[in-house]
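Q: Chain residues, written in single-letter form:
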Amino acid sequence: MALLQITEPGQAQDPHQRKRAAGIDLGTTNSLIASVRGGVTETLPGHDGAHLLPSVVRYTASGTVVGVDAMNAAQQDPLNTIVSVKRMMGRGIDDLKGLGEQLPYEYVAADGGMVRLQTVAGAVSPVEVSAEILKNLVQRGSESLAGELDGVVITVPAYFDDAQRQATRDAARLAGLNVLRLLNEPTAAAVAYGLDTGLEGMIAVYDLGGGTFDISLLRLNKGVFEVVATGGDSALGGDDFDRRIAEWMVAQAGYQSDLNPSQLRTLLSKARTLKETLSDQDSVAVQVAVDDFEFTGELTRDILNELMADLIDQSMKACRRVLRDAGESSVANVVLVGGSTRVPAVRDAVAAFFGITPLADIDPDRVVAMGAAVQANILVGNKPEDEMLLLDVLPLSLGLETVGGLVEKIIGRNTAIPVARAQEFTTYKDGQSAMLIHVVQGERELVSDCRSLARFELRGIPAMVAGAARIEVLFQVDADGLLSVSAAEATTGIKASIEVLPSYGLSEHEITDMLKASIDYAREDIDLRTLTEAKVDAGRVIDALDNALAADGEALLSAADISMLQQGIQTLKTVAEGADPQAINKGVEMLGKASEDFAALRMDAAVREAFTGQQIDALAEEI
Amino acid sequence: MDFNQNYFEIFQLPVNFDLDEDKLAARHLQLQSTVHPDKFVSATDHEKRLSLQWATQINAAYDTLRVKLPRAIYLLALKDVHIEDNPQLDPMFLMEQIELRETLEAIGVQADSEAALQALDVFKVDVDARMADLQLKFAAHYDADLGQAETAVYKLQFINKLRQAADHLEEKLLDY
Numbered sequence: 000m001a002l003l004q005i006t007e008p009g010q011a012q013d014p015h016q017r018k019r020a021a022g023i024d025l026g027t028t029n030s031l032i033a034s035v036r037g038g039v040t041e042t043l044p045g046h047d048g049a050h051l052l053p054s055v056v057r058y059t060a061s062g063t064v065v066g067v068d069a070m071n072a073a074q075q076d077p078l079n080t081i082v083s084v085k086r087m088m089g090r091g092i093d094d095l096k097g098l099g100e101q102l103p104y105e106y107v108a109a110d111g112g113m114v115r116l117q118t119v120a121g122a123v124s125p126v127e128v129s130a131e132i133l134k135n136l137v138q139r140g141s142e143s144l145a146g147e148l149d150g151v152v153i154t155v156p157a158y159f160d161d162a163q164r165q166a167t168r169d170a171a172r173l174a175g176l177n178v179l180r181l182l183n184e185p186t187a188a189a190v191a192y193g194l195d196t197g198l199e200g201m202i203a204v205y206d207l208g209g210g211t212f213d214i215s216l217l218r219l220n221k222g223v224f225e226v227v228a229t230g231g232d233s234a235l236g237g238d239d240f241d242r243r244i245a246e247w248m249v250a251q252a253g254y255q256s257d258l259n260p261s262q263l264r265t266l267l268s269k270a271r272t273l274k275e276t277l278s279d280q281d282s283v284a285v286q287v288a289v290d291d292f293e294f295t296g297e298l299t300r301d302i303l304n305e306l307m308a309d310l311i312d313q314s315m316k317a318c319r320r321v322l323r324d325a326g327e328s329s330v331a332n333v334v335l336v337g338g339s340t341r342v343p344a345v346r347d348a349v350a351a352f353f354g355i356t357p358l359a360d361i362d363p364d365r366v367v368a369m370g371a372a373v374q375a376n377i378l379v380g381n382k383p384e385d386e387m388l389l390l391d392v393l394p395l396s397l398g399l400e401t402v403g404g405l406v407e408k409i410i411g412r413n414t415a416i417p418v419a420r421a422q423e424f425t426t427y428k429d430g431q432s433a434m435l436i437h438v439v440q441g442e443r444e445l446v447s448d449c450r451s452l453a454r455f456e457l458r459g460i461p462a463m464v465a466g467a468a469r470i471e472v473l474f475q476v477d478a479d480g481l482l483s484v485s486a487a488e489a490t491t492g493i494k495a496s497i498e499v500l501p502s503y504g505l506s507e508h509e510i511t512d513m514l515k516a517s518i519d520y521a522r523e524d525i526d527l528r529t530l531t532e533a534k535v536d537a538g539r540v541i542d543a544l545d546n547a548l549a550a551d552g553e554a555l556l557s558a559a560d561i562s563m564l565q566q567g568i569q570t571l572k573t574v575a576e577g578a579d580p581q582a583i584n585k586g587v588e589m590l591g592k593a594s595e596d597f598a599a600l601r602m603d604a605a606v607r608e609a610f611t612g613q614q615i616d617a618l619a620e621e622i
Numbered sequence: 000m001d002f003n004q005n006y007f008e009i010f011q012l013p014v015n016f017d018l019d020e021d022k023l024a025a026r027h028l029q030l031q032s033t034v035h036p037d038k039f040v041s042a043t044d045h046e047k048r049l050s051l052q053w054a055t056q057i058n059a060a061y062d063t064l065r066v067k068l069p070r071a072i073y074l075l076a077l078k079d080v081h082i083e084d085n086p087q088l089d090p091m092f093l094m095e096q097i098e099l100r101e102t103l104e105a106i107g108v109q110a111d112s113e114a115a116l117q118a119l120d121v122f123k124v125d126v127d128a129r130m131a132d133l134q135l136k137f138a139a140h141y142d143a144d145l146g147q148a149e150t151a152v153y154k155l156q157f158i159n160k161l162r163q164a165a166d167h168l169e170e171k172l173l174d175y
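Here the protein sequences come in this chain order: X and C.
Residue numbering for the first sequence follows numbering that gives the first Met the number 0, starting at 0 and increasing by one per position.
Residue numbering for the second sequence follows numbering that gives the first Met the number 0, starting at 0 and increasing by one per position.
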């Protein structure tokens, strides 16, 4: 199984060798993996020749099944066959009440707050279900690319909040993947279009998938993709269209009782077929019979359009909102992403709203995975000369709970990431040594109307009189859009320790347990794995430092410093030939420490030189 | 990383309220092309941390300088003038503010939303003119009379809030 890239000892990888990188679109309905090979970006097929992998996982007493086979079992075994798991990522049991009618699962509340699903194989978290899908895709990837993957880029809806992003990262970790970056789906689509068709100017990406809707505005200029504003609805998608059709069938049939899970599955899957058929024709005959439910009739495109009208309107409202946030009145191009944009009424509404015919030249099902593959290829280091730059934003405001259940915003939505804000707090009791900070995400004023992300418990505040301590808390959002929090008391400089209590996530402890419990992990020889990982790490550090010394050593360092670092490299090389992973890790750490100053000097030099590069100056003149 | 560099120095621009905004945007992109975490995906942990710090600092600098009010507040801070939460302002100005607020409220309760939107447009033009005037005052006083520059910033804060209230009303009228 693909856990981490492993290089056999003595077969140290040539640093200039092409690395295996892939882009993964982990979708609500279908998932894909894509890669760049010989300059061509393509999605990779599975054994059955299909590129789309249904995002369905079936748990049985004897193991798990992923994809088409699982999907085909959904009707006969609805409770153990998990569909649309993406909608449950980073969500609590209360959030899923709205989905209850659509998804027939037995939800179990869990400690971490994120829901669990009861199956014959026990209770599983959505993170574990997603990890199964990822493992399947990665196996596809390593078979197609003839070797373990060095790194992947996984896409997420731009509108995903921190808990949903973190859950996606956790799933990748469970699947043993090296995640280079979480990339927003609309940005990925823009990359695919921008590089293939040379689009420039302000672009709107309208992305309607199975379960989520995103609208993003990006400014494209010579390889720079700058997200200007983003919006959407993380609970709106093609599944909602299916549900409307299913409800229509129930109403038409005059069926009064509650549907059982198997009936519901059948109706939803029938609804989906009807919807897809109506993309090409004006009407379709309907015939469904499952248990005591029976309906025969006709569904026309006009009726379908009526059923979907308010849902499509809802998405248009988000488009207006985003244009306003960006201060734009029009765009140069609109790109369609997601299978649900095949619905003619959706295309018409988009065209009417933006006043231009939307682009759909690249298969809307594959465009996201392809864009992610392009970025993965660059991030992994296969195109060092490439000037592509993606600048993204925070999709939803971050705030803190204050007195009376009100939210104090600390970072507004659409702020460019990475971003950090420092906030000062004080104690209200003498000798108070701990403090609880509740971080929420959303635009509303009341805590109860926003999403709770986590409670951060600061401990180890030095004893002082009330109001004397000045605790500076730093909220940092990284390039993946993920939040981390650190804190220190300003007058003493004492670092407060922070315990994160995620509202809808998995704790570090739970993830470790899941990793240990996974069958793949048990099969591996853990000691050998640890050693190999340490060696890979050492090789990476040695390569990086070698390259850095060759490029900037003479310009930035004294001869003595260079020789000191070269000796350090030699020492690590010797240690890395041994069999003691702890010694190797220690060596990696020491060499890392020794080269910290050099790294800082290089970064400063790069910043100084940023304005002198010719190519970049040309770009500056044109902006 | 030199955290003592001020935001203007980061972009190699003169410390001035009047600023070439196109140049600022271009240089922001140049710097991000150099330091962005995407360029350090396979670097050492220390380099990744440096990259994150730099990219964060450059975004902070850009967000501060890009918009005029935070730029003015930052310029005052560079001269060690830190703005107060409840500044003393002349009664004339405050009276005017109350009147402007009342005008805005009156627009908001009009029954005819088309007429309200038109009145709102006229109102925004007036507010923008006041804003531009205060920005000129700030630029003129910044080097000569810091007290006056500070007052201009307080007034700009009022006008800015008024402008935001006008935008909110517009969103309400347009049903966003």
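There could be a bad hint or two in this list.
[Stated by the list, open to error] Over the 12 Å line for every Cβ pair with chain C, so calculated as not near, a few chain X residues:
{"no.": "1", "residue": "GLU41"}
{"no.": "2", "residue": "ASN177"}
{"no.": "3", "residue": "GLU225"}
{"no.": "4", "residue": "ASP324"}
{"no.": "5", "residue": "VAL379"}
{"no.": "6", "residue": "GLN475"}
{"no.": "7", "residue": "ALA543"}
{"no.": "8", "residue": "ALA599"}
[Claimed, not checked] Cβ-Cβ distance ranges computed for the label pairs, FRET-style:
{"no.": "9", "chain 1": "C", "residue 1": "LEU172", "chain 2": "X", "residue 2": "ALA421", "range": "33 to 41 Å"}
{"no.": "10", "chain 1": "C", "residue 1": "GLN11", "chain 2": "X", "residue 2": "ALA350", "range": "22 to 30 Å"}
{"no.": "11", "chain 1": "X", "residue 1": "GLU327", "chain 2": "C", "residue 2": "LEU172", "range": "47 to 55 Å"}
{"no.": "12", "chain 1": "X", "residue 1": "GLN422", "chain 2": "C", "residue 2": "ASN3", "range": "36 to 44 Å"}
{"no.": "13", "chain 1": "X", "residue 1": "ALA308", "chain 2": "C", "residue 2": "HIS81", "range": "20 to 28 Å"}
{"no.": "14", "chain 1": "X", "residue 1": "GLU41", "chain 2": "C", "residue 2": "GLN109", "range": "56 to 64 Å"}
[Unchecked claim] Footprint (simulated), chain C over chain X, 3 or more residues, beta carbon under 8 Å:
{"no.": "15", "segment": "60-71"}
{"no.": "16", "segment": "289-303"}
{"no.": "17", "segment": "408-419"}
{"no.": "18", "segment": "584-597"}
What the hints contain is simulated information worked out from the structure, not anything from laboratory work.
Positions of the beta carbon are idealized from the N, C-alpha and C atoms, including for glycine.
Q: Quick check: does the Cβ-Cβ distance between LEU172(C) and ALA421(X) fall within 33 to 41 Å?
A: 38 Å, holds
Q: Range hint 47 to 55 Å: satisfied by the CB atoms of GLU327(X) and LEU172(C)?
A: Violated, since GLU327(X) and LEU172(C) (Cβ atoms, about 20 Å apart) do not stay within the stated range.
Q: Any Cβ of chain C at or closer than 12 Å to ASN177(X), or is the non-interface label fine?
A: Label violated. Min Cβ-Cβ 10 Å, cutoff 12 Å.
Q: Over 12 Å to the closest beta carbon of chain C is the bar; see if ALA543(X) clears it.
A: 6 Å, violated
Q: Go ahead and decide if the range 20 to 28 Å is satisfied by the Cβ distance of ALA308(X) to HIS81(C).
A: 54 Å, violated
Q: Determine whether the non-interface label on GLU41(X) survives the test: each CB of chain C must be over 12 Å from its CB.
A: Per Cβ check, GLU41(X) is outside 12 Å of chain C; nearest 22 Å; holds.
Q: Within 56 to 64 Å: is that where the Cβ-Cβ distance between GLU41(X) and GLN109(C) falls?
A: Hint holds: Cβ distance 58 Å, inside 56 to 64 Å.
Q: Do the beta carbons of GLN422(X) and ASN3(C) sit within 36 to 44 Å of each other?
A: 22 Å, violated
Q: Count the residues of the segment 408-419 of chain X whose Cβ falls closer than 8 Å to any Cβ of chain C, and tell me whether that reaches three.
A: holds (count 6)
Q: Would you check chain C against the segment 584-597 of chain X, counting CB to CB pairs closer than 8 Å, and say if three or more residues qualify?
A: holds (count 3)
Q: Take a quick look at GLU225(X) and tell me if its Cβ sits farther than 12 Å from every Cβ on chain C, holds or violated.
A: 8 Å, violated
Q: Over 12 Å from every CB of chain C: does VAL379(X) meet that, or does the non-interface label fail?
A: 7 Å, violated
When the structure is compared with the earlier hints, violations turn up for hints 2, 3, 4, 5, 6, 7, 8, 10, 11, 12, 13, 15, 16 and for no others.
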